[in-house]
Amino acid sequence: MSDHGGRRGQAERDAITVEIGYALSSAAFAAAVVSGAVVGPVFVFDLPDGVRGVVGVGATVAAVLFVVRVVSVLMRFRPGAQPSQPGRTSPDS
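Numbering follows this note's numbering, in which position 32 of the sequence shown is assigned residue number 173; successive positions increment by one, without gaps.
Be a bit skeptical, because a hint or two may be false.
Listed next, with one range per pair, are the computed distances between beta-carbon atoms [to be verified]: (1) T158 - G191: 44 to 50 Å; (2) S213 - D190: 35 to 41 Å; (3) F184 - V214: 26 to 32 Å; (4) R148 - D190: 35 to 41 Å; (5) A156 - F186: 42 to 48 Å; (6) G162 - D190: 18 to 24 Å; (7) V198 - R148: 44 to 50 Å; (8) P182 - G162: 27 to 33 Å; (9) F218 - V195: 42 to 48 Å; (10) V183 - A152: 42 to 48 Å; (11) P182 - A152: 42 to 48 Å; (12) G194 - G162: 19 to 25 Å; (13) R193 - L215: 30 to 36 Å.
Treat the hints as calculated values from the structure; they're not laboratory data.
For glycine and all other residues, C-beta sits at the position ideal for the given N, C-alpha and C.
Work the whole structure out from these sequences, hints included.
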């Protein structure tokens, strides 16, 4: 947060919005790919009814992957964690 009254600047709010959008869209894409890989063969091939339980497993795996991806992306994003001087990685550089 910035120093002036605890309010965030427009650039910081925009960065947070972009990061949330990225987290949600990348999580949705990853969940769709995993769900398609797990559940797709059930619909493409003529499989016995006992194998159709894989649909529930695929949906569960996709949901868990979605949540894990969103949390991991948002935890990596720290608005104030960047160095104050671009290009410098340590205080003595």
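Could you work out which earlier hints the structure fails to respect and list their numbers in ascending sequence?
4, 6, 9, 12
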